[in-house]
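Protein chains in written order, with the numbering used here: chain A, 1 to 243; chain B, 1 to 243; chain C, 1 to 243; chain D, 1 to 243; chain E, 1 to 243; chain F, 1 to 243.
Rather than coming from a laboratory, the hints here were simulated on the basis of the structure. Check each hint, because a few of them may be wrong.
[What the hints assert, rightly or not] When the alpha-carbon atoms are kept at most 27 Å apart in a straight line, the in silico DSSO-like pairs for lysine-lysine are as follows:
id, chain 1, residue 1, chain 2, residue 2
1, D, K22, F, K22
2, F, K223, F, K206
3, B, K82, C, K82
4, E, K206, F, K223
5, A, K206, A, K223
6, C, K206, C, K223
7, C, K82, D, K206
8, A, K82, D, K82
9, D, K223, D, K206
10, F, K206, E, K223
[Unchecked claim] Sample of chain B residues at the chain C side, in silico, Cβ under 7 Å:
id, residue
11, M1
12, R92
13, G95
14, E109
15, L120
16, C202
17, P208
18, F209
19, F214
20, T216
From a predicted model like this one, the values you see are computed outputs, not experimental measurements. Backbone N, C-alpha and C fix where the C-beta goes; we use that ideal spot for every residue, glycine too.
6 protein chains.
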Amino acid sequence: MRPSGRAPNALRPIRLEAGFAKHAEGSCLACFGDTHVLCTATVEDRVPPFLRDRGQGWVTAEYGMLPRSTHTRTAREAARGKQSGRTQEIQRLIGRSLRSITDLAALGERQVRIDCDVLLADGGTRTVAITGAYVALHAALSGLVANGTISTLPLQESIAAVSCGIVEGEPVCDLDYEEDSNAEADGNFILTGGGQIVEIQCTAEKSPFSRAQFSTLYELAAKGIAELSTWQRQALQLTPKTA
Amino acid sequence: MRPSGRAPNALRPIRLEAGFAKHAEGSCLACFGDTHVLCTATVEDRVPPFLRDRGQGWVTAEYGMLPRSTHTRTAREAARGKQSGRTQEIQRLIGRSLRSITDLAALGERQVRIDCDVLLADGGTRTVAITGAYVALHAALSGLVANGTISTLPLQESIAAVSCGIVEGEPVCDLDYEEDSNAEADGNFILTGGGQIVEIQCTAEKSPFSRAQFSTLYELAAKGIAELSTWQRQALQLTPKTA
Amino acid sequence: MRPSGRAPNALRPIRLEAGFAKHAEGSCLACFGDTHVLCTATVEDRVPPFLRDRGQGWVTAEYGMLPRSTHTRTAREAARGKQSGRTQEIQRLIGRSLRSITDLAALGERQVRIDCDVLLADGGTRTVAITGAYVALHAALSGLVANGTISTLPLQESIAAVSCGIVEGEPVCDLDYEEDSNAEADGNFILTGGGQIVEIQCTAEKSPFSRAQFSTLYELAAKGIAELSTWQRQALQLTPKTA
Amino acid sequence: MRPSGRAPNALRPIRLEAGFAKHAEGSCLACFGDTHVLCTATVEDRVPPFLRDRGQGWVTAEYGMLPRSTHTRTAREAARGKQSGRTQEIQRLIGRSLRSITDLAALGERQVRIDCDVLLADGGTRTVAITGAYVALHAALSGLVANGTISTLPLQESIAAVSCGIVEGEPVCDLDYEEDSNAEADGNFILTGGGQIVEIQCTAEKSPFSRAQFSTLYELAAKGIAELSTWQRQALQLTPKTA
Amino acid sequence: MRPSGRAPNALRPIRLEAGFAKHAEGSCLACFGDTHVLCTATVEDRVPPFLRDRGQGWVTAEYGMLPRSTHTRTAREAARGKQSGRTQEIQRLIGRSLRSITDLAALGERQVRIDCDVLLADGGTRTVAITGAYVALHAALSGLVANGTISTLPLQESIAAVSCGIVEGEPVCDLDYEEDSNAEADGNFILTGGGQIVEIQCTAEKSPFSRAQFSTLYELAAKGIAELSTWQRQALQLTPKTA
Amino acid sequence: MRPSGRAPNALRPIRLEAGFAKHAEGSCLACFGDTHVLCTATVEDRVPPFLRDRGQGWVTAEYGMLPRSTHTRTAREAARGKQSGRTQEIQRLIGRSLRSITDLAALGERQVRIDCDVLLADGGTRTVAITGAYVALHAALSGLVANGTISTLPLQESIAAVSCGIVEGEPVCDLDYEEDSNAEADGNFILTGGGQIVEIQCTAEKSPFSRAQFSTLYELAAKGIAELSTWQRQALQLTPKTA
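Using the sequences plus the hints, can you model the full thing?
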């Protein structure tokens, strides 16, 4: 029995609220249970230096946690003067994943900056961030189509993400903090709406695990991401920018 | 006529939601119109090194803005590797103001850390932060009383803050971003619920102004802060910790 | 009785020595008693990036303390790798104050950098710095007029600054370190030679204070600043650049 | 046909030279073709602060590249003043992988620091680093057993790593730089000598890929790591410390 | 003919004013012509961590330049966030030189911190700093003897420093900025009052030079330092602490 | 008797292996006994900003140590976030020395970056670095001549370096770590192949020393550098680039 009473393959209650941030070109408040991440997309009319005059665009991401999003306070990275290795790893993952389904040539010489800020944390923040960031990116790019800046939406696929892991010997989907802290193995799966692989990161937390266990985790992830893709489509239909 | 249609002495719509942050010992989502600041209070059982073995406590504050709380994106301070001078000025102000009404000896050898994070910005973020931070601090300290850690609430007064300024020759209260950008003079007033002065910072933005003008701003501030004090009392009665 | 034997409204012995720094376009060694600040003005032929091609100039300031200007040694900020929040607050205040009385359009596309370095500290360093910085700025700008770079002096007013506070219940002017350490309330007043307000920062150090007390501090400040303005006029007549 | 003429499942020429670094408690110069990584293990008699008095040890890793290990010069991280996100990601991966097969309780309250420095880079540096780091760690821990500090070798398994990817539609093993730059998908597999999973990181570089393709990569990795495990055993028999 | 009209072996006008800094345990304003350096010595009752419980003391130094001590403004190191390589080289040299003539065991477990801040720069700042720092150190240590903290002055020798160089083919002593900028070779000599070598740094600025030229520079330095030693003795007799 | 059994004027076994680094335009693995430094030269087609449009080139250097090149582990500077004062001093010395024998005008508007990385440390790393860096620089510049970029080799002289010091009263050449740790005085001599002085840094480690002792050290250095120059010529003849 999971601490939350969920079935092994059940996601937490999902909420994806597009258009949450008043000023951003695209945004989504993404919640999987008690993990809440505010994702915004900012469109800029220039690309980073290494892409100048290359006729293509870029998508990048930054990630942060409010100090008291966590059970005990986490030190503010701005005050410490640098981002942790974990933060950098997560924001690189978010950016890389979004770029893999964006047609950067069709985007043209502009950059979309994604900001994912964790307001409340209860495990799985990077998967919630990716799932919400896709919605924010879609909304921002739809806005560029709507105002005639570009002619077609430069997205080849949707993506969503979920964590799966082995907790007390049992493979389960969408781990909360309590499960995550005790998992024997833990994986983050980022798949397209069509079920293709964008990125898999799977780690033995306590001891190595078998390929068969990995396959079970993969099945759980595929099912969860199919559901999240449905939530994403619903969230984007609620915002007039994507009509 | 103000852009918002408000009377010169009218505050924006006020919302103070105590207990907003699930994990914090005290918290308040404070909103003056479209300026939204999440304030949390964290209680720690030790004081900073310079106070060790002095038999008293400490209250300190940190401040931040989500990158896309603003009309155009503000660079993330954690990524830039340091807090701006403006950020440091604001967080020093918040901490100093709260300490001025806290009985640090009665608090005992513990520290309360206040985090004020701007989710949405439309002018006056530091005054919203102080007004909400007081609620978060009160809630956290009430919790210490409730669980028997300390015997009486170590707060001598309430405090709240508001900005007043001269916009197109007219003294007005609680400036929004549009007014703030065009103000000839601008002041932040931090007063106690009883109308005493905690801190005044008043600056000529375009050209020096007279003492008579200053007095008018003071009157507006005193009225606004009296109203904010009422909102604070209401917010704190809504949370069972303060019963 | 004040520790120094001064009357409540008496300044410390004032010395403003224009032209002290051999290489600078303008300079002033400003001393209020045992607080000595070396202020220099450097004229640069370009403006910061955010003002490029806007047809106006800029005035900015930096502040520092020699490590052993203080009773006990203060750690060198260059060695610690960053400026403290206090330093940033003070240098922002100096720059903002000087800009408020400078005609930035008449200055043209050039920047004046003010450096205020505390050689000896005995309270009130920021007010001494502002009072001396005005002299340095005036001298540098007069030089630009003298050599024909600009046609008229781009200064609308003079400014000076003094601290006033309540010490053992008594309102006094121009606090030295011993008084400053024990003040119940403490304010920095920056006024023009004509008595208009440029900036007021007034803080309750121990407990909130009344509006009547604030008014008394204001009176003391106005009198002190009138005297400082006279000293400034004398200092500037001593340097041939301002003839 | 691969640029190197290798069969799809063929590793590059492997060289693992244990004991290469004269001063280190354990070391290995690990070479896969033209990727050369010097791995050293340093044993320290104390653990990091978060583990103090917990009765267990720790293994951690740092990673760096000599500036001219690469085709064009890479800026020196020490001169830039910080480690890149990529560097942090790699060193976290190395440390995490080694900890997963180390019995930290049996290690006792000591820390092993692994340093992996790339002398020459031609793709796959992180997999070469992990493969060599295991040898260095084993040698250092064997030394602790040999001198009686601990009674049994606190290692539960061996680990090795290899990259596999899809290049021009073809799944291949142990990519060199030219292949890596053009891969459609790219994965790093870290498995135990017994074939269990320690960590898998698999990323779509150009476009999402299928689960069937992932399975092919996994097969290649399993075969390659079996071979690398043999090389590791040979390297450790060559050094008297492991006798 | 030298730009200043000095003879090749003539020092600039020397002024060593002991006791210049009101708060410091020892101090000296040292001037060689238009190079003015304020040197202070601070005595602390503890040693740096690497010397704890070793029964000896330490002498260390920091160096800085006021931004407008130079002809054109030098960026403030505290604002840039780090000390330059040149600054670190100079302060390491000052500390090393002073330690070479201090009996660190006789000093006991305390540290003397020397601060050398350049108020006005016209070449040779490091040699002025060392010459003044010795006076400040002597004064501070004499104070410790005077108040009974230690029984005898823990100084084995005096030291002073001067630069010598080859300018337009001519060996000269105590170069000013104009000479220094054009020197073919340039050396800093730090000798004891008795003429022994503490440190020599001699560099070809434009092209290598001969051993015979080096010998000439050495002769000039020995003569100059003998004179500086006399000035130091006079300065220390003027301050009552050394009586 | 020296710990190594060497005669007072004997160098350690010397090895200079040109072309060691596969990717660099010039390189040399330089070994004096157990001090091994990998030196590479990178040619860039642009100069640093301060030299733009001046019609000349530049040579600069960076220095680092692998963490476990030393007997006990040295903290990684990239992880600490800054280069130590010692590192900066050494890399400034290497760059300055190489520039003194390079015809920067003949080099044209390009920069050569030298990287010296210590793989194994046993005293004298800076002298080994300079000796090897000259070989790497020569190889890189010869390559520019060979491919027709410049017409003649822009080097006026060769340089090499050695340390000499007084150990237990005995002047000796090319100190290893054990000798260096106990030296009474220690000097680094950088001379041209023709015996002219490029730089001398000579320091009293324990107590001041005499000019006669200095002269003895100079003789030892001159002899050692003559031998090193022969090794350099041999190393460069082994690499076809210099034919």
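*Which of the listed hints are not met by the structure?*
Failing hints, ascending: 7, 11, 13, 14, 15, 20.
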